[in-house]
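A.B. asks: Spelled out, the chains give:
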Amino acid sequence: MNILAIETSCDETAAAVLHITNGPFTLLSNMVSSQIKIHARFGGVVPEVAARKQIEMVIPVVAEAVKKSGLNLTRDINYIAATQGPGLVTALNVGLETAKSLAFVTQKPLITVNHLAGHALAGLLSPSMSPKKIIFPALALVVSGGHTLLILMKNFYSWKIIGDTLDDAVGEAYDKTAQILNLGYPGGPIIDKLAMAGDSSVFKLPRPLLNNQNFDFSFSGLKTAVLYLINDVTAVSPLKTLGTKTINNICAAFQAACVEVLVTKTLRAIKKYKPQTFLLGGGVSANQALRTTLQEKIALTAPKIKILLPEIKFTGDNAAMISVAAYFKILKKQFANIKNLKANPHLSL
Amino acid sequence: MQKKYISSSEKETKNIAKKIAANFTSGMVLGLIGNLGSGKTQFAKGVGEYFKTKKPINSPTFVLIKLYAIAQPAAIKTLVHIDCYRLQNPQELLDLGFQEILANKDNLVIIEWADKIKDILPLKAVFINFEYGKLPDTRKIIIQKPHN
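Residue numbers (this note's numbering), protein chains in the order written: chain W, 1 to 349; chain Z, 1 to 148.
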């Protein structure tokens, strides 16, 4: 079967075409608005939040995805899928309404997808993977600018959130810390890079909720701790500024704190729920320190677990992961009714 | 006219919010102003706990607007938590249905980084400033009552 998926939950406009018969997923095309030279072609910048820009981009992006797939929309595509939530309501509406119109006109079944399920399943897009290789129960860690979730899956249709953030998402903590350090946006890749050049043992930062026995996270206090640390260091520095080395060390200390909390809680969840598969997803899953540490520590504590890390191109928002999540709903014929169908910015798993 | 509170911890910021929240009514708009880490989200969490939102409040920075249903029957039906941190201009909030949110009198609206959208806030908005105190972890929370 061939699935056309559209994802517009936040800043990115994305569309993808996925082919699957029985074996692994074959991605025929995968377009994200920030990848293609849409600025030049359509004369618009992609502002960070302006959802109305999605309206200008959704058709070109979908058209490009279909064209690149080499398929004919009416003849070859079997199903249309779109993200229903969670996300920005105006942004979600663009993708969902586009999908509804396409499904209506082409008379194809429509599948609505939860954005978070997409992130959790992004690892399935790796070339050597296929749905049958996932053994349940599975544990998923979804880390992004908007979410920090530990999810327990009994099968592809049973999702239970066992841990969530009480305040800031981990990606948000990276962005805000980068802002405090004047490093630019987005914070994740910059801090990850500088942290590698730094020494995490020079400064001590708190590990929020580390010893709390549940699986919830808290990152807002960590950001405030960085703020205090900077004030303290600046106060005693002769030039009243932070040197490159100090900034690297602060990044390393911050990253070490984030990674330790995420990994410790993940290991604790593995110990309790004994999953057979571990899935990682979300924008922050591109973080090298997080990927390496998770792999090492899980291999040590539970060597039999299959670990699925998404390829870097599938860590940020994309429509390929939406097409994968849609596939499992298609197997159960979980189609949406176009009438009364609305985007849900607070959609839960 | 203004009223000032001193908080010495995140927990106390939440408790101050819970205390003040007794005066909050449906249709009210609260504008929280203060730097990163000054306690705005903790304050919003305290208000959420006072009104017993069905889900605990967390940061709205990424999605900009989060809606929380109030568990018990009350004049306030929904607590709307907005964050303007990522906004480039007020128009972006208008695009997200801000007028409809303000027009719904069942809402209690809490806006973080409200200074970024002052131009589109109603005159009746109550501003609450968060400032760093002299001692570590202390915060000054200053409530500015509207003029009329």
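These are calculated hints, taken from the structure and not from any lab test. It is possible that some hints are incorrect.
Claimed, not checked - Straight line, CA to CA, 25 Å or less: simulated SDA-like cross-link-like pairs of lysine to any residue: (1) K160(W) / K11(Z); (2) K11(Z) / T224(W); (3) K54(Z) / L227(W); (4) K160(W) / L267(W); (5) K4(Z) / K67(W); (6) K193(W) / K4(Z); (7) K54(Z) / L209(W); (8) K67(W) / K132(W).
A.B. asks: May I ask which of the numbered hints given earlier this structure violates, with the numbers listed in increasing order?
C.D. replies: 1, 3, 5, 6, 8
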